[in-house]
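Just need the whole structure built from these sequences, with the hints factored in.
There are 2 protein chains.
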Amino acid sequence: MKIGFIQFSPVFGAKEKNFEKVEKLLNNISADLIVLPELFNTGYLFLNKEELMELAEPKDGKTCDFIHNLCRKKNCAIVYGFAEKDEGNLYNSAILMSARGIIGHYRKTHLFFEEWFIFKSGDLPYQVCEYKGVKIGILICFDYIYPEAMRTLALKGAQIVVLPANLVLHFCPDAMVTRSLENRIFTILADRTGFEERGTKKLKFIGKSQIVAPDGEILIRVDDDECVKVIEIDPLIALDKKVTPHNDIFKQRREDLYFH
Amino acid sequence: MKIGFIQFSPVFGAKEKNFEKVEKLLNNISADLIVLPELFNTGYLFLNKEELMELAEPKDGKTCDFIHNLCRKKNCAIVYGFAEKDEGNLYNSAILMSARGIIGHYRKTHLFFEEWFIFKSGDLPYQVCEYKGVKIGILICFDYIYPEAMRTLALKGAQIVVLPANLVLHFCPDAMVTRSLENRIFTILADRTGFEERGTKKLKFIGKSQIVAPDGEILIRVDDDECVKVIEIDPLIALDKKVTPHNDIFKQRREDLYFH
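Chains A and B, in that order, give the protein sequences.
Going by UniProt numbering, the residue at position 4 of the first sequence is 4; the numbering climbs one at a time, nothing skipped.
Going by UniProt numbering, the residue at position 53 of the second sequence is 53; the numbering climbs one at a time, nothing skipped.
Certain hints may be false.
Among chain B residues calculated to face chain A with C-beta under 10 Å, some are [as the list claims (entries may be wrong)]:
{"hint": "1", "residue": "F113"}
{"hint": "2", "residue": "D174"}
{"hint": "3", "residue": "V177"}
{"hint": "4", "residue": "L203"}
{"hint": "5", "residue": "T244"}
{"hint": "6", "residue": "I249"}
Using C-beta positions, here's what the derived DEER-type ranges look like [to be verified]:
{"hint": "7", "chain 1": "A", "residue 1": "L47", "chain 2": "B", "residue 2": "I220", "range": "18 to 28 Å"}
{"hint": "8", "chain 1": "A", "residue 1": "E232", "chain 2": "B", "residue 2": "D248", "range": "36 to 46 Å"}
{"hint": "9", "chain 1": "B", "residue 1": "I220", "chain 2": "A", "residue 2": "K204", "range": "55 to 65 Å"}
{"hint": "10", "chain 1": "A", "residue 1": "D123", "chain 2": "B", "residue 2": "D240", "range": "27 to 37 Å"}
Read the hints as simulated data drawn from the structure, not as lab findings.
Just so it is clear, CB atoms sit at the ideal spot from N, CA and C, and this is done for glycine as well.
So, in structure tokens, the structure goes:
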């Protein structure tokens, strides 16, 4: 299976420009699964809820249409982060799309910093979805700091967990190595890069998108340039939970002792 | 509070030599809490259960006496790993000792590799104990790979989690940074160093003992030499679970979504 990510710097509020950039980066790329950053179509630094309401879309909105067409054209699945509007609620969401339509939908549960003022914390369960026979779980950015989130997906059979992100702190890439290792799964971190300056606020995003194998090996980690990377993996490896011949780390979990 | 670790290469089966080495390393050292490696008194590579039965001790055995005397002499607390014999059962255990006696007792729950053939998996709960008003949790070596273990201790209020270890793989030191970060606690990894060659078996231990702060900063990490290191920390920092002013990562856990 060929899996990869697009790392780029979205232009705030300029959806068409961001669509163009993604389409251009995918030109000549062949892959089964591509992960885009969190809020790839709008950028990150919303100054208030009104601005977010303006740019957010229902999950079957025009960003959905753009990605769906791209999936059909490229014959691949794409995970993308976007601001979701649903009955007046605003979520920091991600969708796993294939040529056939939406396969998976997730709303970020662990919001970061001032996101609490404009987004609602997600209400959908951590669920795995299947593409080409491979089980995939979705988390978004700051979710990475909660081991329970990815553990829940891994216990449900996820072989790959994707993490669209807009990272401003430097901890996540190394922490994702631990997440892969402790769950024996592949992880794809698709971060954005570049700066955003809006009003009095300014953020620098770190890039460092990466793919990690179930044994903790960093298969690829980039710096902070715009790029698309695709590698070939065998997702079946993620079904084997043995660290040593005598350590199936899932079977040896001690649920009798955890959390009480 | 002054906390530290001793990293050294125990001589297999030679308890008195190992006692001497620890006492010598602690000479001129002043600390509140010192952590010794896993199985510090016996070494690691037991060839069979009979050999382990011979060297294991009840928790109030002579190693306990040695450490208790050392705690009185140095006016400090010491965590040490040892092979425990209790009613015919053998555990890979650790004790937190002070000048007043035993404060904490833990039996490794997640055994590694061939340990499964000679030790029994621990049956005691993950419990925090208190020394000088600071809450301390104990795990041993491979327990590190299970986020649930340290999370359970942190949710019970642990400000410091100590990890006596005999590491042969290289993942643990970096994973312990994630553990500190996701729980906002101090972690002390006290690893052994050196080689062990017994029968046809040979192991190299990696050293890399370290202390990590609640914000993920590696306060000290050594290489693979024998040494004792002590640093000053403020354990109160570990009571603050805020990553940002709007992210109390404990209060924002989503127990409604984890593990189901």
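Checked hints:
Restraint check, F113 (chain B) versus chain A: the minimum CB separation of about 5 Å is within 10 Å; hint holds. For D174 (chain B), the interface hint holds, the least distance from its beta-carbon to any beta-carbon of chain A being 6 Å, beneath 10 Å. Here the hint on V177 (chain B) is kept, as its CB sits about 7 Å from the closest CB of chain A, short of 10 Å. Nearest Cβ of chain A to the Cβ of L203 (chain B): about 13 Å, over the 10 Å cut. The hint is violated.
Checking T244 (chain B) against chain A: minimum C-beta separation of about 5 Å stays under 10 Å; hint holds. The beta carbon of I249 (chain B) is positioned within 10 Å of a beta carbon in chain A (closest approach about 6 Å), and the interface hint is therefore held. Judged by the Cβ atoms, the range 18 to 28 Å given for L47 (chain A) and I220 (chain B) is violated: they are separated by roughly 42 Å. The hinted window of 36 to 46 Å between E232 (chain A) and D248 (chain B) holds, with their beta carbons roughly 42 Å apart.
Checking the proposed 55 to 65 Å range against I220 (chain B) and K204 (chain A) shows it is violated: the Cβ atoms sit about 29 Å from each other. Distance hint for D123 (chain A) and D240 (chain B): a CB-CB separation of about 28 Å, consistent with the stated range 27 to 37 Å.
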